[in-house]
Amino acid sequence: MKVNKVELKDVKRSEIIRDNEVEVHLHVHNGFNNLNVTLSKKNLQFNDIVNYDVDVKVIFYARNCCRAAPMLIMDSANEKDKVEIKELIDNILKIKGDEIKAAIEVA
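For the sequence shown, UniProt numbering assigns the number 1 to the initial residue and increments by one for each residue that follows.
It should be emphasised that the hints constitute simulated quantities derived from the structure, not laboratory data.
One should not assume that every hint holds.
Computed beta-carbon distance windows for the label pairs [as the list claims (entries may be wrong)]:
{"no.": "1", "residue 1": "His27", "residue 2": "Val83", "range": "19 to 25 Å"}
{"no.": "2", "residue 1": "Cys66", "residue 2": "Asp98", "range": "36 to 42 Å"}
{"no.": "3", "residue 1": "His29", "residue 2": "Asp98", "range": "16 to 22 Å"}
{"no.": "4", "residue 1": "Lys9", "residue 2": "Glu79", "range": "35 to 41 Å"}
{"no.": "5", "residue 1": "Ala77", "residue 2": "Gln45", "range": "30 to 36 Å"}
{"no.": "6", "residue 1": "Met71", "residue 2": "Glu15", "range": "27 to 33 Å"}
{"no.": "7", "residue 1": "Lys2", "residue 2": "Pro70", "range": "17 to 23 Å"}
{"no.": "8", "residue 1": "Met71", "residue 2": "Asn51", "range": "24 to 30 Å"}
{"no.": "9", "residue 1": "Asn78", "residue 2": "Glu15", "range": "16 to 22 Å"}
{"no.": "10", "residue 1": "Asn4", "residue 2": "Val83", "range": "26 to 32 Å"}
{"no.": "11", "residue 1": "Glu79", "residue 2": "Glu105", "range": "15 to 21 Å"}
{"no.": "12", "residue 1": "Glu21", "residue 2": "Cys65", "range": "32 to 38 Å"}
{"no.": "13", "residue 1": "Cys66", "residue 2": "Val106", "range": "34 to 40 Å"}
{"no.": "14", "residue 1": "Gly97", "residue 2": "Cys65", "range": "36 to 42 Å"}
This one's a predicted model, so the numbers in the text were calculated from it and none came from an experiment.
The beta carbon of each residue, even a glycine, is placed where N, CA and C say it ideally should be.
Please model the complete structure; the sequences and the hints are all you need to start from.
The structure is reproduced here in structure tokens:
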């Protein structure tokens, strides 16, 4: 997937509910649509993202007049999406890899 712009929205560490799961929330623009990307894993490290060992969900908010309906367009649990998710992660890391790495280390 083509990626024109990436914005790091948040890095969260859930110590109580999900037993130390780390979530990285990104806002990605591919030149046509805005997508929300979530990378998550228990005890997530930057190398997990580089090695594609992370759960990925890509959500598109389809606008319908005055409201938006979330649509899951890619999920790492779906085998059909694996190749495109790897390409997406590579493109995200080219643009914001250093910032994501620093944010994960601080979280």
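For the range 15 to 21 Å, tell me whether the beta carbons of glutamate 79 and glutamate 105 fit it or not.
-> violated (31 Å)
Range hint 24 to 30 Å: satisfied by the CB atoms of methionine 71 and asparagine 51?
-> holds (28 Å)
Falls inside 17 to 23 Å, the C-beta gap from lysine 2 to proline 70?
-> Since lysine 2 and proline 70 have Cβ atoms about 21 Å apart, the given range 17 to 23 Å holds.
Valine 106 and cysteine 66 - C-beta distance against the hinted 34 to 40 Å = holds (38 Å)
Assessment of proposed distance window 19 to 25 Å (beta carbons of histidine 27, valine 83) = holds (23 Å)
Okay, lysine 9 versus glutamate 79 on CB: inside 35 to 41 Å?
-> violated (28 Å)
Using the beta carbons of glycine 97 and cysteine 65, state whether their distance is inside 36 to 42 Å or not.
-> holds (38 Å)
Does the Cβ distance between methionine 71 and glutamate 15 fall inside 27 to 33 Å?
-> Hint holds: Cβ distance 31 Å, inside 27 to 33 Å.
So does cysteine 66 sit 36 to 42 Å from aspartate 98, Cβ to Cβ?
-> Since cysteine 66 and aspartate 98 have Cβ atoms about 39 Å apart, the given range 36 to 42 Å holds.
Check the following: the C-beta atoms of alanine 77 and glutamine 45 are separated by a distance inside 30 to 36 Å.
-> Once the Cβ atoms are compared, 21 Å apart, the range 30 to 36 Å for glutamine 45 and alanine 77 is violated.
Asparagine 4 paired with valine 83, Cβ distance criterion 26 to 32 Å = violated (20 Å)
16 to 22 Å as the expected CB spacing between aspartate 98 and histidine 29, which holds or is violated = holds (19 Å)
Comparing the model with each numbered hint stated earlier shows that hints 4, 5, 9, 10, 11 do not hold.
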